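S.K.: Read off the chains here:
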Amino acid sequence: MVKAWLLGQDTSRAGRHHESRALELAQRLPRLCMAAKEIAASVMHGVHGRRRAGAGETFWQFRPFVAGEAAARIDWRRSAKDDRLYVREREWEAAHSVFLWIDRSPSMAFQSSLAREPKVDRALLLGLAAAELLVRGGERAGLLGLTPALAVLNIVERLAAALLAQERAASYRAEELPAQLSLARGSQLVLTSDFLADKDAIGNMMESYSAQGVRGHLVIVADPVEETFPFSGNTELLDVDSEARLRAGKAETLRAEYLRHLALHREAIALAARRQGWSVTLSRTDRPATETLLALHVLFEAGAGFTASEPGVFG
Amino acid sequence: MPSIPLGFASPFVLAALVGLPLLYLLLRVTPPSPERVPFPPLRLILALRPKEETAARTPLWLVALRIAIAAALIVATAGPVLEPLPEALAGTGPLLIVLDDGWPTAPSFEERRTAAGRALEAATRASRPGALLPLSQASRGIPLDAPDKVLTRLRALKPVPFLPDRLAAAEAIEKFAAVHPKPAILWIADGLDSPQTRQFAERLKAVAGAVILETDASPIRALAGARNETGSLKLRVLRPLLSGPGNGTVRALDRKGLAIGEAAFDFAGRAETEASFELPAELRNDIARLEIAGERSAGAVFLLDERSHRRRIGIISGENADLAQPLLAPDYYLKKALLPFADVLEAGPSAAEPIGTLLDEKASIMILADAGVPAGEAHDRLARFVEDGGILVRFAGSHLAGTFDDLLPVRLRLGGRVLGGAMSWDTPKKLAPFERQSPFFGLNVPDEVTVSRQVLAEPSPGLPARTWASLADGTPLVTASRQGKGLIVLFHVSADTNWSNLPISGLFVGMLRKIVDLSVASQGGAGDVPQAEAKTSKASLAPRQTLDGFGVLGAPPPDAKPIPAGFAGTAEPQHPPGFYGSPEAPAAVNVLASNDTLAAADFSGFGFRAERLSKEQPIDLAPWLLALAFVLLAADTLVSLWLSGALRFARGAAVLLAGLAVAMPAEAQAGEARGPDRDLAAALTTRLAYVATGDARTDEVTRDGLLSLSHELARRTSLTPGEPVAVDPARDELSFYPLIYWPIAPAEPQPSREAAAKAARFMKQGGTIVFDTRDAPLQREGAPSTPQGKWLRTFLEGIDVPALEPIPADHVVTKTFYLLDGFLGRYTTGTTWIEALPPPPADGSPRPARAGDGVSPILITANDLAAGWASGPSGESLFPLMPGGERQHELALRGGINLVMYTLTGNYKSDQVHVRDLLERLAH
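Going down the list, the sequences are from chains A and B.
Every position in the first sequence, counted from 1, becomes a number in my numbering once 13 is added.
Every position in the second sequence, counted from 1, becomes a number in my numbering once 121 is added.
To be clear, the hints were calculated from the coordinates, so they are not data collected in a lab.
Bear in mind the structure is a predicted one, so any value in this text is a computation, not a measurement.
Be a bit skeptical, because a hint or two may be false.
Claimed, not checked - Here are the simulated SDA-like pairs of lysine to any residue, each with C-alpha atoms no more than 25 Å apart in a straight line:
id: 1; chain 1: A; residue 1: Lys212; chain 2: B; residue 2: Lys911
id: 2; chain 1: A; residue 1: Lys263; chain 2: B; residue 2: Arg319
id: 3; chain 1: A; residue 1: Lys16; chain 2: B; residue 2: Leu759
id: 4; chain 1: B; residue 1: Lys377; chain 2: B; residue 2: Val328
id: 5; chain 1: A; residue 1: Lys16; chain 2: B; residue 2: Asp757
id: 6; chain 1: A; residue 1: Lys263; chain 2: B; residue 2: Asp757
id: 7; chain 1: A; residue 1: Lys263; chain 2: B; residue 2: Asp407
id: 8; chain 1: A; residue 1: Lys94; chain 2: B; residue 2: Arg149
id: 9; chain 1: A; residue 1: Lys16; chain 2: B; residue 2: Leu165
id: 10; chain 1: A; residue 1: Lys94; chain 2: A; residue 2: His109
id: 11; chain 1: A; residue 1: Lys94; chain 2: B; residue 2: Asp757
id: 12; chain 1: A; residue 1: Lys263; chain 2: B; residue 2: Arg157
id: 13; chain 1: A; residue 1: Lys16; chain 2: B; residue 2: His520
id: 14; chain 1: A; residue 1: Lys263; chain 2: B; residue 2: Asp820
id: 15; chain 1: A; residue 1: Lys94; chain 2: B; residue 2: Leu167
id: 16; chain 1: A; residue 1: Lys212; chain 2: B; residue 2: Leu167
id: 17; chain 1: A; residue 1: Lys94; chain 2: B; residue 2: Arg276
id: 18; chain 1: A; residue 1: Lys16; chain 2: B; residue 2: Leu762
id: 19; chain 1: A; residue 1: Lys263; chain 2: B; residue 2: Arg187
id: 20; chain 1: A; residue 1: Lys16; chain 2: B; residue 2: Asp407
id: 21; chain 1: A; residue 1: Lys263; chain 2: B; residue 2: Leu759
id: 22; chain 1: A; residue 1: Lys263; chain 2: B; residue 2: Leu146
id: 23; chain 1: A; residue 1: Lys212; chain 2: B; residue 2: Leu165
id: 24; chain 1: A; residue 1: Lys16; chain 2: B; residue 2: Val760
id: 25; chain 1: A; residue 1: Lys263; chain 2: B; residue 2: Leu148
id: 26; chain 1: A; residue 1: Lys16; chain 2: B; residue 2: Leu146
id: 27; chain 1: A; residue 1: Lys16; chain 2: B; residue 2: Val158
Unchecked claim - Below, a sample of chain A positions facing chain B; criterion: calculated Cβ distance under 8 Å:
id: 28; residue: Ala17
id: 29; residue: Tyr185
id: 30; residue: Asp207
id: 31; residue: Thr248
For each residue, glycine too, the CB sits at the ideal point set by N, CA and C.
Can you make the complete structure from the sequences, with help from the hints?
M.R.: What follows is the structure, given as structure tokens:
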């Protein structure tokens, strides 16, 4: 019989437990940081070599001086070797800013015996690994509402520290959906959550960000239990962030209905995402995290475009 | 009518089984508690109502399990007993159960009663009236009662301690058969043969419609005929069947029930054997009861009274025993006559005080054969002995005829008379028949007994009453009188054949035996003798304690009647076996006469249906059912836990426990691995060792000191020792270390005896231990010993320490590497002790070094050597020295080097110092 449990203490009540949760997270974070770096490295080496020359440090190319340009731009050392004048052209530094948002609401603190890890661990893992991946790929990554977009080597640690600092704050309350913030145009969002919130709220959120010219990726983290509903017999289902409960004499009779509702919910989200040109990726916690990261990587690799034609990967 | 042999103690409880269907309904609609699962996507389906809310009922098998529990409990409460009933009897008449209840049935009486009860029950089921005849109650008739009344009577039955009268029972059965013709008879027989038994069987056969004979196959054993013989008490052990255990033990108990002895017996295939108690006569006389161990019946108990006690008779003869002519000795015939039934005590020929000696040996009868009793202490003691109930028997003789004393029953005439002598017309007189009141009454007076000489009693009014035997002419031959509780008997003839041929007649033995028997009665405390005899012969002895059928002594039953005195028979219904009469000298009545035998009855010719007594016990099913209910209940609990998902924790705990169980031995092994590894290292490299005292500071100093010494050894000598090592004499193997340094820390507890023994063994096997008390500054001449000294003395108490001496100047230990004057440490004033050497050779030739045969096993110093040795990195002393100085540190190290060299090389150096002399001698 499938077992499922919630992490930590009672997460449905706000209060002093936030600190302990943060500590708990802090205990897990070093492990997650390591894992994030590891899987990011495996993805970088696993797909193909970097085609971009260098990491875009300072030098990009020398090009002939075009009359009318500011003389200060002439690279005299290079020009002295030759009769012509050269301009040292630097790397195009207008890198994309990618903002991450990781859902840490109570419903994420869930794990079943079929899963490899709790949902929240998977979400943190994916988020931090994506940040590492992006930074190594020359982009800037930051946490939505917490940090600016950064391009530092220890990006994973920085983001983890920011997460911890946020959770330590007394006023912290885990949100189910990212807050509406104004972002620079062209920024991208990677939202990691189980997206069990109201589908209209999710659609509205995407719409408002799209209106700012921001595009994004939805990574749906799901426990296998949530995907398959393997319950049978006399079962009482408890909601994780409310007192709601559902008692089913024969849980197996609910399965078809539940799967239908889940499919509807996902379909609605996918439809809304497609409309805004966002991608949707599903990460099941019984599958390796690298799979999802690979998919994300391919999406990043596909360029800044994030074409709306790719609806994402289900299952 | 075959039926399920199942009975219930309280069948009405079974009515509760009706409630089971209700329970079924109740259980069916009450499902087990649901499994509670957190489920984040619940809100997706929260709007749904499950279509089948009550679909999940309790699983059917769980309901069945719980109903089984309830049923088991109900049935168990009803007291089920699995009890095979016997087959119903043939015929249609009433069932008469004839139950033998004599003592042979006692060991198996419970089975007999059960068999009777089951037969009654079977008859009741077959709607046939049943009657019960316990054989001992034949006189009450055979009432045909209601079954429960009969059963009540049956339950109250107990075996009787005698063999009931079968003929009376046969009469009762014939009467019963006259009213109820052709009854079916179940005879539960004791299986013993007797003429009565065969007659009884024939009469049963004549009146009964059918007879079933149930006999018990288990063997019975009985005791009979105890004889207190010279040196041992013997008794017969009987059995009717040759089967069964062939050996056993007979226990002898005294009157208080304390065991005196045990005697084994072995039938060796026969039906009769003998058990014998080889005990001192005093102990044998204490035996009041003999019983076969483990046999519960009155027949297996034999009671002993005073009659079977052996008397101790002291014999004193006036003349010196003439061993060359024993036939002429005055006590020869006495001893011959008494020995078969009494213990004869004699004072040795050299006994100064023969009477006192024999009285000290607790003789109960004193016989003085022609011996006078001189006034004095002996006379007084003898008089007191008689007053206290002893019997004094005197024989006349030449001594007595001349001197009289007061310990005589009658006054005697001086001289006596001679009949039939050469100078007399009289012929030797014969004896007159005994009078009725005489204790000798009943003995035959043989014709050939004649008396040719006797002493005469002074005629007096009381003389006839005191006469027990007289000659044909009426002159008293044996007179007796009571003195206090005791009795003085005088034979007016001598105990040898000079005066009469009475001592060589059978009558003499009979008379003596009667007198010895009187000793019982006289100690019982009767009145004046002849009158008392007359009285007691008619008096009866009331029952005091009687045996029941199981052989247990208890208060006599109300229908027990007194026995006449001198009752010699066996137990009867009116006289159950037991003790009768006064508590001081009870008379015993036993079940079996001394020559009785037991034989198994054979009923094969009667056409009875023979059956064996069933030993099957009814099986009480209640405990089993309760156990079953418990197991089911436990299973139900587990199942319930599992169904509600609470078993997860239990499983986790179990895994944890299993993990602990696996981990703990592994850890323990890891701890042990240390010893052998270190031993291996110690065996490969010579190293110094020290005993860790437990005081951390001391141990650190010691370690530093030994480390420094090891370095110096490596630097200055060819020895490169390994790291010093701390050893625990209790746990570690010591034999790898040549030298063990043992600092004394008086605050630490003494090591265990085993550790001390190990250290002693180490020293015996050639190791050296240096004890360092480190108390040189505290030592004063004449002062009490220091705590360190006391500690060391206590420790060495159990160890064989050789004689010690302060290290002499010429001892080899002062010359093994350096030439030293002493062994310095942190202090310099302490004395260092070593095993005393043999004294120097007498020739006085100065020898530079002396050595014993081996290395001294022990050195005791007070100078704190280790602290003296301890060096810093640049060779300076680590500790302040007293008085101090680099030189002292250097000398301490040199001493240490010498010590190590001494333990490693032994007396080698004492030869080396002579090398020059030896070489010179070789050169010549």
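S.K.: Hint by hint, say whether it matches the structure.
M.R.: So, going through the hints one by one against the coordinates:
no., hint, verdict
1, A/Lys212 / B/Lys911, "violated, 91 Å"
2, A/Lys263 / B/Arg319, "violated, 83 Å"
3, A/Lys16 / B/Leu759, "holds, 18 Å"
4, B/Lys377 / B/Val328, "violated, 50 Å"
5, A/Lys16 / B/Asp757, "holds, 22 Å"
6, A/Lys263 / B/Asp757, "holds, 22 Å"
7, A/Lys263 / B/Asp407, "violated, 88 Å"
8, A/Lys94 / B/Arg149, "violated, 99 Å"
9, A/Lys16 / B/Leu165, "holds, 20 Å"
10, A/Lys94 / A/His109, "violated, 36 Å"
11, A/Lys94 / B/Asp757, "violated, 95 Å"
12, A/Lys263 / B/Arg157, "holds, 13 Å"
13, A/Lys16 / B/His520, "violated, 121 Å"
14, A/Lys263 / B/Asp820, "violated, 74 Å"
15, A/Lys94 / B/Leu167, "violated, 77 Å"
16, A/Lys212 / B/Leu167, "holds, 15 Å"
17, A/Lys94 / B/Arg276, "violated, 136 Å"
18, A/Lys16 / B/Leu762, "holds, 15 Å"
19, A/Lys263 / B/Arg187, "holds, 23 Å"
20, A/Lys16 / B/Asp407, "violated, 84 Å"
21, A/Lys263 / B/Leu759, "holds, 22 Å"
22, A/Lys263 / B/Leu146, "holds, 20 Å"
23, A/Lys212 / B/Leu165, "holds, 10 Å"
24, A/Lys16 / B/Val760, "holds, 17 Å"
25, A/Lys263 / B/Leu148, "holds, 18 Å"
26, A/Lys16 / B/Leu146, "violated, 31 Å"
27, A/Lys16 / B/Val158, "holds, 8 Å"
28, Ala17, "holds, 5 Å"
29, Tyr185, "violated, 20 Å"
30, Asp207, "holds, 7 Å"
31, Thr248, "holds, 5 Å"
Hints 1, 2, 4, 7, 8, 10, 11, 13, 14, 15, 17, 20, 26 and 29, counting from the list given before, are not met by this structure.
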